[in-house]
Amino acid sequence: MVASSSPPVHVTNVHRRLTSEFHPNEKMGDTVLSPVDENLKQYRFKTETENNSDDGGLQDEEFEETPLYAAILTYLSYAILCLFGWLRDFLRQSNIEKKRGAVDPNAALGFVPLYQSYESFYTRNMYTRVRDIFNRPIASVPGAHVEVVERVSDDYNWTHRFTGKTINAINLGSYNYLGFAEKSGPCATDAINSIKKFGVSNCNTRTEIGTQRYHVELEKLLADFLHVESSIAFGMGFATNSLNLPVLASKGDLILSDEMNHASLILGIRLSGASYRTYAHNDMKNLEEKLREAIVHGQPRTNRPWKKIILVVEGIYSMEGSICRLPEIIELKKKYKAYLYMDEAHSIGAIGKNGRGIVDYFGADVKDVDILMGTFTKSFGSAGGYIAGSKSLIDHILTNSHAHTYASSMAAPVVEQIISSLRILQGPEGKKRIYQLADNTRYFRSKLVDMGFIVYGNKNSPVAPVLLYLPARVTRFNRELLRRGIAVVTVGFPATKLLEARVRFCISAAHTRQMLDTALMAIDEVGTEIPLRYSTRHKSRRFREL
Amino acid sequence: ILDTYTTGLEMFSNIRRFFKFIHWLYLQYLLNTALYMLEPWERLLFSTLLIGILSTAIYSAFVFLPHHVRSLMQLIS
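Residue numbers (UniProt numbering), protein chains in the order written: chain A, 1 to 546; chain B, 1 to 77.
Keep in mind the hints are simulated off the structure, nothing from the lab. Glycine included, C-beta positions come from ideal geometry on N, C-alpha and C. Among these hints, one or two may not hold up.
[What the hints assert, rightly or not] Ranges between beta-carbon positions, derived for each pair: (1) 367/A with 29/B: 55 to 65 Å; (2) 63/A with 53/B: 34 to 44 Å; (3) 539/A with 29/B: 21 to 31 Å; (4) 41/B with 72/A: 23 to 33 Å; (5) 67/B with 158/A: 34 to 44 Å; (6) 76/B with 93/A: 47 to 57 Å; (7) 134/A with 44/B: 21 to 31 Å; (8) 25/B with 99/A: 30 to 40 Å; (9) 53/B with 499/A: 22 to 32 Å; (10) 153/A with 72/B: 54 to 64 Å; (11) 29/B with 82/A: 13 to 23 Å; (12) 53/B with 479/A: 28 to 38 Å; (13) 73/B with 158/A: 57 to 67 Å; (14) 545/A with 15/B: 21 to 31 Å.
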């Protein structure tokens with residue numbers, strides 16, 4: 001049990017009711033959850049945008065259920081692909097057909113194979129068939145338009161060759177939320193000047209003659225921007241999560257993480273050695289249940305109290321487009337004395353009136369979130385990650401984090417890009433970009449929803465996943481859109497659940513209304529040809545009728 | 001009757017629309033059964049098997065159903 005001030009009577013209450021279903025009507029002491037209706041309201045479809053209700057409008061999320069025929073057709077498709085996969089594997093095994101995948105030469109010499117000498121079944125037989133829609137190389141800065149390198153395959157995507165041409169496409173796939181990915185402009189000029197002044201590499205780590213003036217400036221600027229005491233920046237966003245969670249948590253701690261958390265968070269949690277539980281996505285009832293259960297039962301075998309409990313959430317979940325319920329989580333954390341680690345990789349800069357992320361979006365107190373984490377890759381057009389919080393926290397991370405003591409320090413142009421984009425963000429130009437992004441987001445999402453597509457997530461999040469379900473429809477959609485000059489990112493099985501293959505649109509402040517209209521017309525056309533309008537809650541309409 | 005005949009020119013576009021419709025149906029068949037992702041010989045194999053099974057079923061129905069239905073009626077009455 002965390003050192004809590006709650007009297008023992010609450011503990012016995014929970015113990016008795018642990019096996020029964022959690023009924024909000026029953027007296028569970030003073031739970032922090034709002035009554036059932038308000039929670040249900042957040043999942044109900046609203047036709048008009050709520051301008052006057054303060055909290056209901058911010059958390060307006062929709063996750064429509066999979067239609068039955070789509071689920072059946074998806075399973076049928078995968079069954080047929082599986083059958084043909086077995087046939088092809090048999091042909092390859094019996095040497096009727098040549099093996100195209102990687103073959104480990106060690107096996108022939110009598111050694112134990114060094115790596116898996118064949119790619120897995122799914123990769124070989126389903127992914128490789130349509131590999132041309134994934135991992136496309138680009139040939140320009142990924143701004144609002146991007147040059148996609150055209151490639152052609154003669155042997156069904158086992159090998160590609162470049163035709164030498166590039167396709168100019170509207171970029172709906174890059175995490176360029178504020179449009180800072182540009183090759184000319186104040187940020188680019190600053191970055192180039194910094195190379196002339198500082199060179200490119202620092203040839204050392206931060207702790208050994210690798211800290212430059214601009215590192216200190218970046219950390220101070222970031223702390224001022226986020227209204228926290230102090231911050232620390234790292235060279236890689238993934239490493240920020242996976243190498244700093246072990247600093248904060250260790251054996252004897254409990255980490256409660258959302259089930260849709262990113263791989264970097266999961267890796268960091270596993271690496272730390274702490275015990276962890278996952279709770280259903282954005283489900284505060286489940287989280288509270290698990291918290292109470294954990295506090296009551298303590299550590300697994302010894303039943304000793306947990307040393308500390310950390311809640312790990314993300315600001316915007318990139319595959320779902322949903323926003324975490326910050327006010328409720330803060331109430332929960334205050335009640336049960338847990339710590340909050342918020343990963344704002346996609347939401348910093350992109351959400352909130354001043355671009356300060358989820359805390360700004362909900363108008364919460366930034367001191368309530370103990371550990372703020374974010375990346376510079378998405379909204380700032382650069383690379384790297386940061387952690388921000390109180391000075392004592394940052395000092396602790398400074399001395400104990402491997403990502404600080406062993407990773408080479410960030411290069412000058414990378415840091416200068418962040419510094420100049422932060423400065424722009426705090427000025428009028430930045431406000432213009434934030435408003436443009438919010439406007440684009442609301443326009444694009446509302447048009448998609450009105451046309452009858454199933455779009456997941458919060459209506460204010462710049463990440464808009466549209467569900468496509470069937471693998472063949474996903475590939476057709478991707479190829480047809482590229483033919484019409486729009487580059488999108490479609491994701492299928494390992495990254496998402498088997499049934500829920502989707503296309504993820506990332507809207508940017510660099511997109512003009514005209515570009516969005518072109519994109520919407522193309523999506524409308526392709527979505528009519530392959531029927532992709534699955535929604536039963538909204539009527540299907542053509543774009544010209546809107 | 002007089003105002004529903006089509007001119008020669010409209011007949012062309014109607015035939016073109018009809019062929020487009022058949023092409024659209026074929027595309028739907030390919031997409032919904034994931035044959036769109038397979039190689040041409042695999043599509044041929046699957047389609048041949050499917051048509052074979054379906055035609056056998058339909059032929060058997062044509063040949064045997066009348067007799068079966070008649071004997072069922074005799075059994076009931």
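Here is how each hint holds up against the structure:
Checked against the hint of 55 to 65 Å, the pair residue 367/A and residue 29/B passes, with Cβ atoms roughly 60 Å apart. At about 39 Å, the beta-carbon gap between residue 63/A and residue 53/B stays in the expected band of 34 to 44 Å. Taken as a hint, the range 21 to 31 Å holds for the pair residue 539/A and residue 29/B, whose Cβ atoms sit roughly 27 Å apart. The hinted window of 23 to 33 Å between residue 41/B and residue 72/A holds, with their beta carbons roughly 27 Å apart.
Between residue 67/B and residue 158/A the beta carbon distance is about 54 Å. The supplied range of 34 to 44 Å is therefore violated. The hinted range of 47 to 57 Å is satisfied by residue 76/B and residue 93/A, whose Cβ atoms lie roughly 55 Å apart. Here the CB-CB span from residue 134/A to residue 44/B is close to 27 Å, well matched to the stated 21 to 31 Å. Between residue 25/B and residue 99/A the C-beta distance comes to about 37 Å, which sits within the given range of 30 to 40 Å.
Taking 22 to 32 Å as the suggested C-beta distance range, the pair residue 53/B and residue 499/A conforms, at roughly 27 Å. Take residue 153/A and residue 72/B: their Cβ atoms lie about 57 Å apart, and the range 54 to 64 Å holds. The given range of 13 to 23 Å is respected by residue 29/B and residue 82/A, whose C-beta atoms sit roughly 19 Å from each other. Roughly 31 Å separates the CB atoms of residue 53/B and residue 479/A, a value that falls within the hinted 28 to 38 Å.
The beta-carbon spacing between residue 73/B and residue 158/A, approximately 60 Å, falls within the hinted interval of 57 to 67 Å. For the pair residue 545/A and residue 15/B, the supplied restraint of 21 to 31 Å holds, since their beta-carbon distance comes to about 29 Å.
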